[in-house]
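Undergrad: Please build the complete structure, drawing on both the sequences and the hints.
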Amino acid sequence: MPDKPDRNAIEVVNVSKIFGSGEGQVAALDTVSVSIRENEFFTLLGPSGCGKTTLLRLIAGFDFPTAGEILLYGQDIAPLPPFKRPVNTVFQSYALFPHMTVADNIGFGLEMLGKPKDQIKARVAEMLKLVKMEALAGRRTSQISGGQQQRVALARALAPQPKVLLLDEPLSALDYKLRKEMQIELKRLQHETGITFIFVTHDQEEALTMSDRIAVMSSGKILQVGSPRDIYDRPAERFVADFIGESNFLKADMVGVSGGRATVKLSSGVEIPATLPEGFNPNGKVTIVVRPEHAQLSAAGPAASLSGTVENIVYLGTDTHFHLRLAGGEAFIVRRQNSRGASDGIVQGGQVGLLIGNDAAQVLKD
Amino acid sequence: MASNFSIKHQPGFTAIAATCFIVLYLPIFVLVIYAFNAATSTSEWGGFSLKWFQSAWQNTQVIDATLLSFQLGAIAALLSTVFATMAALATTRTASYPGLTFKYAAINQPLMVPEIVTGVALLIFFSRIKIFTGYSGLGYLIAAHTAFCIPFAYLPIRARLENMDLTLERAAADLYATPWKTFRRITLPLLWPGILAGLMLAFVISLDDVVITEFVKSGGQDTLPTYMLGQIRRGITPEINAISTAFLLLSVVIVTLFFFISRKRD
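Going line by line, the protein sequences match chains S and C. The first sequence begins at 1 in my numbering and counts up by one. The second sequence begins at 1 in my numbering and counts up by one.
These are computed hints drawn from the structure, not numbers from a lab. Each residue gets a CB set at the ideal place from its N, CA and C atoms; glycine is no exception. Don't take every hint at face value.
[To be verified] Pulled a few chain S residues facing chain C out of the computed Cβ check, cut under 7 Å: (1) 88; (2) 91; (3) 137.
TA: As structure tokens, this is what we get:
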């Protein structure tokens, strides 16, 4: 990993975007603030309609915020038109110019910046090489495949060396295998160019694999910002836990807090430690989340955190899912990696104990 | 829906279709045949000859009228296409707003108002201007033709613009192109087939007009159609057939070109 100095490339400060007026008005973004660091692969993740694309469009300049500031290295760019922002976009539909060749597409930005011809030519050659498209420089964009168009769109956006590259679900039109390849390719490009990437997606797996940090969005708000591991292991809200990966939700009572960690009492009366979202100090009833692979099965008995009945066993090759019904009535899934060897005697309909380890539970804000 | 229903197999359909085509094409066919008549009649065949084409070719009035038609058509087509392009850009590159439909209607006014009404209105209007200014040149005809050609030029240009992906213009702006450069480098090249189609359609429409031209023209400003109309009043010779045939050929060529250009994709 290269050094990531804590310098912000983009700062979004209290940005709101309201569409429509009067009764029919909709807040696509509601007082959103987020900082994106230099050289970072930053992902805006959320379901459709969460405001992620709106935020990207505001940074690109295709739309203007109703309120708030967007700073690019400290300068407010929110009022600038797109052609005055050193920010380039890779569009979901690629938007390659159909009447130009691959090379002319890639050189377009530099040409508009008024760069000398030989410099453009050299840079275009360099970009063609970077995305491995040298052989197709003279082709029309309608004569190349979807994956190749994707590469041209990337090269075109990277050629003017933008301060920030915006990517609007660029992989969604590709088939599965190509998408996997492009994920790795994008990481490589980001690494080699050192340009800050802001990537928009609704695909949690894509976000987890590629990002340095992820912002999870819902209904025009950013719910949580953190590394993929933070987001996965320590989701702050139920929506985040639910949207990313599989989750078990349990009701519990707060017992106490010490050193930023909580102790909660489960429905069985057993007390377990749990981590708290930053700055959150609840009392009384709370919901905790436990990932299916963070809990273990054991023999039923007093040593277990909880107990329940095995309702279903789903064998998936690499691992097995045990669907439990807990004594308190809640459903709970345990995922266990398979190994070769004798069966452990857990059968459908049997009673089992459930162990929730010291670092497995997370208290949610709601 | 009955998928095996075919209108072709309804009783009488073939007869109706055949009648329609005969009514449409037979008169034109007869007109073309008699253009090659050696006799001085448009109904009695006197052998094959090209003499009426020759005589039309040497008729200075025909030549003058043809030249005027072309001149007028070219200028009106150019001007109306420029206006139509601007109108099409203004009415498609915008979010819908109250009054937009009214603007469409206003642009297409010449398609809805009967030509004779426009003709009379222009006659009265221009005669006032003539009295005040003393000017009686080609300007009146150019203005009138430009106005009624605009909707015809507008339609193919607007159709082309509506099919054009707005993201392309956004991508150009994202790549540092100013609005003018975006128009020059992206919108205009992609719009070009629509503009050419509009230009040709406008030219044909101008070339063909009789009613408005008849009312607006000053003395000695005969276009080919108004000249032909004048000649017919004095009795028809196959020379008119010959001129019509040449005119027909020209229109067919232009309309065919229009068809291919407007079908061309990127």
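Undergrad: Are the hints correct? Go through all of them and say.
TA: Each hint, compared with the structure:
no.: 1; hint: 88; in the structure: 6 Å, holds
no.: 2; hint: 91; in the structure: 6 Å, holds
no.: 3; hint: 137; in the structure: 18 Å, violated
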